[in-house]
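Sequences and hints are given; from them, build the entire structure.
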Amino acid sequence: MITAILTITALSVLFGLLLGYSAIRFHVEGDPIVDQIDSLLPQTQCGQCGYAGCRPYAEAMAEGEAQINKCPPGGEVTMIALADLLGQDPITLEDEEAAEKPKSVAYIVEEDCIGCTLCIQACPVDAILGAAKSMHTVIVDECTGCELCLPPCPVECIHMHPVKDDISNWRWPFPDQNGTPLPQGNS
Amino acid sequence: MHVAGSSSNRRKLWQFHGGLHLPDHKSMSMQRPPFEAALDDLLVIPLQQHIGEAPEILVKEGDRVLKGQVLAQANAYVSAPIHASSSGTVVAIDEQPVPHPSGLSATCITLQTDGQDKWDDNLPQTINDYKSHSANELLERIHWAGIVGLGGATFPSRVKLNPGPHKPIDTLIVNAAECEPYISCDDALIQQHAKEILRGINIVMHILSARLCLIGIEDNKPDAIAAMQSAISEHETGNVELIVIPTVYPSGGEKQLIKILTGKEVPGNGLPADIGIVCHNVATLYAVDNAVMKGQPLISRMVTITGEGIAKPQNMIVRNGTLISSLVEQAGGYNDNIDELILGGPMMGYALNSDKLPVSKGTNCILVTQKAESPQSPAAPCIRCGKCAEVCPALLLPQQLYWYARARDLDKVQDFNLFDCIECGCCAHVCPSHIPLVQYYRFAKTEVWAREEEKRKSDIARQRHEFRDARLARIKAEKQAKLRKKKEVLDKKKVGDVDPKKAAIEAAMKRAAEKKKKLQVEGKIPANTENLTAAQQRQVDEADKRRENTES
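Protein chains in written order, with the working numbering: chain A, 352 to 538; chain B, 17 to 568.
Please keep in mind that the hints were generated in silico from the structure rather than gathered at the bench. Quantities reported herein were computed from a predicted structural model and do not represent experimental measurements. Among the clues, some could well be false.
[Said to hold, decoys possible] To spell it out: a stretch of chain A is covered by chain B in this simulated footprint if at least three of its residues, at any positions, have a beta carbon under 8 Å from a beta carbon of chain B; those stretches are:
id, region
1, 394-405
2, 414-421
3, 471-480
[To be verified] Straight line, CA to CA, 27 Å or less: simulated DSS-like cross-link-like pairs of lysine-lysine:
id, chain 1, residue 1, chain 2, residue 2
4, A, K515, B, K471
5, B, K492, A, K452
6, B, K461, A, K452
7, B, K517, B, K492
8, B, K275, B, K183
9, A, K515, B, K76
10, B, K495, A, K484
11, B, K372, B, K328
12, B, K461, A, K454
13, B, K510, B, K526
14, B, K561, B, K518
15, A, K515, B, K461
16, B, K461, B, K403
17, B, K473, A, K454
18, B, K403, B, K275
19, A, K515, B, K473
20, A, K452, B, K471
21, B, K473, A, K421
22, A, K454, B, K471
23, B, K372, A, K515
24, A, K421, B, K518
25, B, K561, A, K484
Glycine is no exception: its CB is placed at the ideal position from the N, C-alpha and C atoms.
Listed below in structure tokens is the structure:
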């Protein structure tokens, strides 16, 4: 009886020390879960979730303060990935309408641009080029389509253009339920 | 040199897993000798006819160009230039529908031919003695000629022929298997140009410093075998072996052919060069010979126009940019009751929605099918029979891939090595439920690529956003530092905040008072104070009084 108690006590002390030591020895700076969440978010930095960008939203989720369904650009795919990562049940998106919007990029009507630089200041990824009283333009490859440049424009010369499907980004469609069989040799 | 029978007896042949014995339908297009297709008035030349970066256009609308002139030059390493297929005028550079499963348009250069078909005078010199030229010179020539893998993959040949110093190449494998039913363009090309192909082989062996060349050809092409054999025995050149392999689909797959001929397997994420092998199609080697020995770019190729829906199935030598509708017309037109127009073979090709599409470098076959008497039944549920796994030449588990692709589980499909799938279509062909399996794999592959691209883009966006945040923080900090500095300067000034004039007066008065005190202490009296008039005395008194007042 005594031996058993002593053994268990000794073991718990031993493992306690081991755990305590590891906690100090292998201490991780920062919060890796925030990084993991952040890497799943689409990085549009659009603020549609109500936070100042993707990372603040990731931090809020890591804290358990925010739901996982607030990211319209990420859509259902992102929500499910977040649910997987955080061990939660998938829920419906808060704003399903916004999630169904096709991916777009901003386009500045250059004849109308007055060169006020307000959109440049609004762009979260520095995708707008220009200088005061000079025409501005969008670097299409860098634009995330967050639409944050639309409200500041005093002359409303920024429009969202949906990204055109071309051969380089075309995807094979999901086969329909009846099946569109491949052409086959007549055997 | 070895003759077919003896070489196949001598050299041990291996087998790849699975595969199918399909009715080949090849004789259909081999009944008539190949001819050169008529030159069309309009040639629509797609800018991108290869895997890699698009070339940069050098001409503009209205330019007169000569046959063989470079229309767009390749600036990237993995890229290929395109050339004018005939002489004429550039009438348009715009978006035109191109042969692609999406049916989308891409940039094309449209030539109005002048019928003279005049070669460009500035073509490079012919190289008759290729052995005296370095591999780099010859590679440069192959790159200039715009040669890409003509078996259908259209990967720039220069890149494939330059595996780098750390990957020595021992064996060149020449793919003459042509395993897919209906297609016979390589067969026709070998019969016509065995000598040139052999010369192309020797040039490529010289470039790669390869020790051995194995030509793999299926045993259903006796005429091509005979032609190649006589070429080999006539020109006792390198160590070139013609090996006749049994007809099994897909023995013409690169990895499958390597397995048959050498018994080696190409590693999953690797290239044949990793095991000392480079594999090229016969048509590519013919193009190499043309580029080196004649100084001509790749502007035409052998194309099979065949199928039950074509009146006179036929092989044709077709200029790059010729419309499919024109070829069909030259092959006697369509039969009645046609079903689909397919680019490529029946197993791996894809249906086109129009025949007003140009032939490009990768076009090997145009197949027109007739409506089947009994339409294929729609897809039924998978019954897990496992037949697909039995025939898969890549040793995959097609039904697992199917389930995961259907569930859009992009991680799982990659765990099951989706990207080793060569899309040969064997699994779908044997599927008793007629499930379009390859469609699912193609869908999953492009989804994975799209996801990777999105991830790449979002990483860039994150980086840019973080950089911007850091920059804004830095600017703010700098501004604050500046303000602080200004404030400090102001504060310093405030400490001695008095009027300098006043201060000077005060200081002077202080000095005078001190001096007076000193004199009083020393008992000295100010000079000229004796014998003063009453008025003078009064003035002195007044001044003293004033001083005392201000001092106190």
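Here is what the structure says about each hint:
Restraint check on the region 394-405 of chain A versus chain B: 5 residues with Cβ-Cβ distances below 8 Å, three needed, restraint holds. Coverage of the region 414-421 of chain A by chain B is violated. Counting CB-CB distances below 8 Å, 0 residues qualify, and the rule asks for three or more. Three residues within the 8 Å Cβ limit are the bar, and the region 471-480 of chain A against chain B gives 4, so the coverage statement holds. Between A/K515 and B/K471, the direct Cα distance comes to roughly 19 Å. Compliance with the 27 Å bound is thereby established for this hinted pair.
For the proposed pair B/K492 and A/K452, the alpha carbon gap of about 36 Å is over 27 Å, so the pair is violated. Between B/K461 and A/K452 the CA atoms are separated by roughly 24 Å; this keeps the pair inside 27 Å, and the hint holds. With a CA separation close to 41 Å, the supplied pair B/K517 and B/K492 exceeds the 27 Å bound. At roughly 19 Å between alpha-carbon atoms, B/K275 and B/K183 fall within 27 Å of each other, so this suggested pair holds.
Between the alpha carbons of A/K515 and B/K76 the distance comes to roughly 25 Å, so the proposed pair stays at or under 27 Å and holds. For the hint linking B/K495 to A/K484, the alpha-carbon distance of about 24 Å falls within 27 Å, and the restraint holds. Of the supplied pair hints, the one linking B/K372 and B/K328 holds, its CA atoms being roughly 19 Å apart against a limit of 27 Å. Restraint check: the Cα-Cα separation between B/K461 and A/K454 comes to about 21 Å, which is no more than 27 Å; the hinted pair holds.
Between B/K510 and B/K526, the direct Cα distance comes to roughly 24 Å. Compliance with the 27 Å bound is thereby established for this hinted pair. Of the pairs offered as hints, the one joining B/K561 and B/K518 holds, with about 21 Å between alpha carbons and a cut-off of 27 Å not exceeded. A distance of roughly 20 Å separates the Cα atoms of A/K515 and B/K461; the hinted pair therefore holds under the 27 Å criterion. At roughly 22 Å between alpha-carbon atoms, B/K461 and B/K403 fall within 27 Å of each other, so this suggested pair holds.
Annotation: proposed proximity of B/K473 to A/K454 holds, straight-line Cα distance about 13 Å (limit 27 Å). Only pairs whose Cα atoms come within 27 Å are accepted, and B/K403 paired with B/K275 is accepted, the gap being roughly 22 Å. Between A/K515 and B/K473 the CA atoms are separated by roughly 17 Å; this keeps the pair inside 27 Å, and the hint holds. For the hint pairing A/K452 with B/K471, the CA-to-CA distance comes to about 19 Å; that is within 27 Å, so the pair holds.
Restraint check for B/K473 and A/K421: the C-alpha separation of about 21 Å stays at or below 27 Å, so the hint holds. Using a Cα cut-off of 27 Å, the hinted pair A/K454 and B/K471 holds, with the two alpha carbons roughly 15 Å apart. Straight-line distance between C-alpha atoms of B/K372 and A/K515 comes to about 23 Å, which keeps the hinted pair within the 27 Å bound. Simply put, A/K421 and B/K518 have alpha-carbon atoms about 70 Å apart, too far for the 27 Å limit, and the pair is violated.
Restraint check for B/K561 and A/K484: not satisfied, since their Cα atoms lie roughly 71 Å apart, outside the 27 Å limit.
Comparing the model with each earlier hint shows violations of hints 2, 5, 7, 24 and 25; every other hint is respected.
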